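The two chains are supplied separately, each in an independent frame; assemble them into the complex guided by the hints.
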Amino acid sequence: MNIYQEELLDHYENPSNYGTLPNPDISHEEDNPLCGDRIRIDLIVEDDIITEVRFSGHGCTISQAAASMLTEEIDGKSLTEVKKLTRDDILDMVGIPLGPVRLKCALLALKVLKAGAYGIKGWPGEEDK
Amino acid sequence: MPTPYFRPLDVESIRKDFPIFATTPPLAFLDNAASTQTPRPVVEAMDSYYDTYRSNIHRGIYRISEEATEQYERARDKVAQLINAPRSRQIVFTRNTTESINLVAYSWGSANIQEGDEIVLTVMEHHSNLVPWQLLAQRTGAVLRFMEITDEGLLDFTQLQDLLTEKTKLVAIGHVSNVLGTINPIQSIITAAHAVGAKVVVDAAQSVPHFQVDVQQLDCDFLAFSGHKMCGPTGIGVLYGKVELLEEMPPFLGGGSMIRSVERDISSYAELPAKFEAGTPSIAEAIGLGHTVDYITQANLAALQVHEQELLKYAHHRLQDIEGITLYGPSSPHQKAGVISFNLEGIHPHDVAGVLDTHGIAVRAGHHCAQPLMKWLDVIATVRASFYLYNTIEEVDRLYEGLCRTQKLLTRRRK
Numbered sequence: 070m071n072i073y074q075e076e077l078l079d080h081y082e083n084p085s086n087y088g089t090l091p092n093p094d095i096s097h098e099e100d101n102p103l104c105g106d107r108i109r110i111d112l113i114v115e116d117d118i119i120t121e122v123r124f125s126g127h128g129c130t131i132s133q134a135a136a137s138m139l140t141e142e143i144d145g146k147s148l149t150e151v152k153k154l155t156r157d158d159i160l161d162m163v164g165i166p167l168g169p170v171r172l173k174c175a176l177l178a179l180k181v182l183k184a185g186a187y188g189i190k191g192w193p194g195e196e197d198k
Numbered sequence: 039m040p041t042p043y044f045r046p047l048d049v050e051s052i053r054k055d056f057p058i059f060a061t062t063p064p065l066a067f068l069d070n071a072a073s074t075q076t077p078r079p080v081v082e083a084m085d086s087y088y089d090t091y092r093s094n095i096h097r098g099i100y101r102i103s104e105e106a107t108e109q110y111e112r113a114r115d116k117v118a119q120l121i122n123a124p125r126s127r128q129i130v131f132t133r134n135t136t137e138s139i140n141l142v143a144y145s146w147g148s149a150n151i152q153e154g155d156e157i158v159l160t161v162m163e164h165h166s167n168l169v170p171w172q173l174l175a176q177r178t179g180a181v182l183r184f185m186e187i188t189d190e191g192l193l194d195f196t197q198l199q200d201l202l203t204e205k206t207k208l209v210a211i212g213h214v215s216n217v218l219g220t221i222n223p224i225q226s227i228i229t230a231a232h233a234v235g236a237k238v239v240v241d242a243a244q245s246v247p248h249f250q251v252d253v254q255q256l257d258c259d260f261l262a263f264s265g266h267k268m269c270g271p272t273g274i275g276v277l278y279g280k281v282e283l284l285e286e287m288p289p290f291l292g293g294g295s296m297i298r299s300v301e302r303d304i305s306s307y308a309e310l311p312a313k314f315e316a317g318t319p320s321i322a323e324a325i326g327l328g329h330t331v332d333y334i335t336q337a338n339l340a341a342l343q344v345h346e347q348e349l350l351k352y353a354h355h356r357l358q359d360i361e362g363i364t365l366y367g368p369s370s371p372h373q374k375a376g377v378i379s380f381n382l383e384g385i386h387p388h389d390v391a392g393v394l395d396t397h398g399i400a401v402r403a404g405h406h407c408a409q410p411l412m413k414w415l416d417v418i419a420t421v422r423a424s425f426y427l428y429n430t431i432e433e434v435d436r437l438y439e440g441l442c443r444t445q446k447l448l449t450r451r452r453k
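Protein chains in written order, with the numbering used here: chain Z, 70 to 198; chain U, 39 to 453.
What the hints contain is simulated information worked out from the structure, not anything from laboratory work. Source: prediction; values computed, not measured. Every residue gets a Cβ at the ideal spot worked out from N, C-alpha and C, and that includes glycine. Treat the hints loosely; a few may be bogus.
Cross-link-like lysine to aspartate or glutamate pairs, in silico, EDC-like; alpha carbons within 16 angstroms at most [stated by the list, open to error]:
1. Z:Lys-173 to Z:Asp-161
2. Z:Lys-190 to Z:Glu-98
3. U:Lys-446 to Z:Glu-82
4. Z:Lys-146 to Z:Asp-117
5. Z:Lys-146 to Z:Asp-158
6. Z:Lys-173 to Z:Asp-157
7. U:Lys-446 to Z:Asp-79
8. U:Lys-446 to U:Glu-361
9. U:Lys-446 to Z:Glu-75
On the chain Z side, residues computed to face chain U include the following (Cβ under 10 angstroms) [what the hints assert, rightly or not]:
10. Ile-72
11. Cys-104
12. Gly-105
Just chain U, with the same shape it has in the complex (with noise of 0.2 angstroms):
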């Protein structure tokens, strides 16, 4: 074990800042990879800008716009900070990490992906970091190609030196699997993209609510994430990009805000990061994600990870047990985030999920965004139950019999 320098999570008293958790019995929420709860203080944070000081931002000659705005850009600099982003004017607010996605296949990939270049993705990508790629490819006539990965759910690094060429202009790649939870190693492969010269988009989306991610020492050209995965409200999201490349970009979508002067036939635009922020943006939803970056870093993401690394443990420990299971992914949590995905033998995961919700336990089953990964894994769909701050071991153990409860009820006679 190693000493811990922190605080472990005080668990009980985080579940009290959300209500939802208040019911008999207590819902057991394992679907957090999906979207997570809000606690009070963000959610009490939005209300304040409603009830106190709603207005639109930047341009209100008038307190409570001023107020809007500055709380507005206060949240923009907590984010940068959260990531270690040299700049705030580095932190792209967008609805969620798909957006951010699109952004750099729309703006940067127009501008610098041609015919015969290639994009490199992995197998496990989830659809938003491979439909964006995809259409680009299709516009351009760029070509994708795919790291492999091992039996134990690991991306194939034998293919790597093959893969990364002088034609590969860039790397898109999840930095947490949200099906198989691993955590790929994507230091090694941003310093190989690199050295072939190219850049490298980031899907940190279940990477940075549960671990600290440092964008200076990953070194990454431009990372994604949403802040409905983190505690934060759903309609922002967050795109990170180095200064020089946001500079060079075309706009993405035009509208307000996003220009400095407008003539009839042409605009010159604003500078970053309000270039890429046209029209109203979600003003409560960005001072909510601000409020919730206070909240995991004071619950602390170092003791956060330590928690979810314990209850994934334990649900590998306990689930491996039941007969009949098929766990997905490496067997080591040690290389995973707090995802477990699984399916029981004869039986469908939307049953299973089924059944687990009339014993108020929610996971979930499908393909859950990634049809690429399903096929590679040879099923149509896995059951995942995926864990955050507030979950506890008692809620692994409701997950453990619920699931014998499932297999008990289910298990097919017929043929």
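If we strip away everything but chain Z, and leave its shape as in the complex, we get (with noise of 0.2 angstroms):
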């Protein structure tokens, strides 16, 4: 399958939750050094509930379209559902199949995600390596 598919595109051309927040309660950002993708988190987070994302940065269609559809999933929902997200969950997103260099692309928004609000460090699914 073509990794350039429509939907994918849509997120890259119009993103959902660009920007950045004035005050967010939690602000993580983070880049990939191989490729420069560069993504920022912020959120409001009230009693456990995140009231509000966004997302900024630069990168490629894959690692701006991903952090595009993951603050669409994050919204709204609590920071404890959020946690249990994987590196599967994203690729379910993303929805296409992706080689070693671009999963990481697919993949950076979690990880700064998972380490702006819970300090977890590393790539999302590579923890038990």
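Set out below in structure tokens:
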């Protein structure tokens, strides 16, 4: 399957929740030095519920589209719930097969989210390796 | 046009030696600066070792081991001939260019570099010709100094006199930039380095596969390259060194094969080149490399170079017409080997390579193991197309069309 699917390109061109928040409860930014993709995620959290989310940054279509999809997914959910999101959940959202290099592009947003919200370091799916 | 004294490459028949191109549509493989394809005669030579005389070398007192030893050493002779090394024992087999350079850094470097000594490099070095020297500098207290590059992507020679002093003990320089394609005039750098008493290591990973390199003419002290960038197998590389240097150097890795005699506490070491080939080497791969040398020599390196120049000129001509493209490196193809690096405005290099891949075109996108150069270019990454003897003008056309389609698909509408 062609990795440049319409849905992915739509998210890239018209991303959801793009921007920053003035007084976020949680804000975290990381990059992938291999390709320079950079993502920042800002959250407002009230009683464990994510009430506002924004992402910003730059990079390839996959990193930016995956970040857009992830913010849609977590908006309104509890931090406890969101903590359970895995690598496979992101791959389901993105919905296309990815090689090892592009996989990291897709996972960068989740990595940033987990590091910012829970202090979990490392690439999703590789924690136990 | 120079008068051709040789047959031009018969690309059509060359391509038949590479089964990977037999698909429809054929794979346009334009990532040859990273690694090349391997022709049938080379694979068959390795198969023949595995099928008919598979055994270890140098010690077997039986026929097939003698055969393996002979083939392994014949490969060394062929490599020596390829780069015009005076003696075959100056050819050390390693895993790759990186290991060859590390061998020099550890063995020669540890014995000859002291605190305050200076090692001169260039900003365009591949990490393999940079990190080993950083490690050596950290171990010894030596200082790394860098030759800058001009806006054109050429080495800035105005600095050379300031850089080379009596403190300079070593100059480590890439013959051809794996990103910009720049062919560096290393002959004059070697002469200048020798004038201040410095030794010179040449990273020839991107030159030996593409044109005639003569170590005696260059008078370099060490020269390193890899088999897998010249149609050979992976896992086999070469270090050439001057005899007197190699003989004085302490061993790099210790183990079998590299010894003369071993006692409990001390050993004496084997003669060249065995001193630097500890353990069972990549036998099949060395034999494969010998046949690789036959293959590219038969194709004719001079003809190969002309062919790559034509592809490069055509690629420059076509790609520079694309709106929003930035080409990196010398604008004149004559100062370059078959490498073209570029970016499309507003599109991440990974996406360019990703879309081209959907059209059966393999190019590289990334920092190309040259992060200091990326920083100098002020980019995170570039897209790179690189050519070899089996590439065609039609593939350059496909690259051009693929880039136009990429722009159509991905030109950002957002902010």
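Results for each hint:
Taking the CA atoms of Z:Lys-173 and Z:Asp-161, the gap is near 15 angstroms; set against the 16 angstroms cutoff, the hint holds. Of the pairs offered as hints, the one joining Z:Lys-190 and Z:Glu-98 holds, with about 13 angstroms between alpha carbons and a cut-off of 16 angstroms not exceeded. Between U:Lys-446 and Z:Glu-82, the direct Cα distance comes to roughly 13 angstroms. Compliance with the 16 angstroms bound is thereby established for this hinted pair. Between Z:Lys-146 and Z:Asp-117 the CA atoms are separated by roughly 8 angstroms; this keeps the pair inside 16 angstroms, and the hint holds.
For the hint pairing Z:Lys-146 with Z:Asp-158, the CA-to-CA distance comes to about 15 angstroms; that is within 16 angstroms, so the pair holds. In summary, the hint linking Z:Lys-173 to Z:Asp-157 is supported, as the alpha carbons are separated by about 12 angstroms, within the 16 angstroms threshold. For the proposed pair U:Lys-446 and Z:Asp-79, the alpha carbon gap of about 14 angstroms is at most 16 angstroms, so the pair holds. For a cut-off of 16 angstroms, the pair hint linking U:Lys-446 to U:Glu-361 stands: about 12 angstroms separates their Cα positions.
With a C-alpha separation of about 13 angstroms, the suggested pairing of U:Lys-446 with Z:Glu-75 holds against the 16 angstroms cut-off. Given hint, Z:Ile-72 at the interface with chain U, holds; its Cβ is 6 angstroms from that chain's nearest Cβ, closer than 10 angstroms. Here the hint on Z:Cys-104 is kept, as its CB sits about 5 angstroms from the closest CB of chain U, short of 10 angstroms. A hinted interface residue such as Z:Gly-105 counts as satisfied when its beta carbon comes closer than 10 angstroms to some beta carbon of chain U; here the least separation is about 3 angstroms, so the hint holds.
When held up to the earlier numbered hints, the structure conflicts with none and fits them all.
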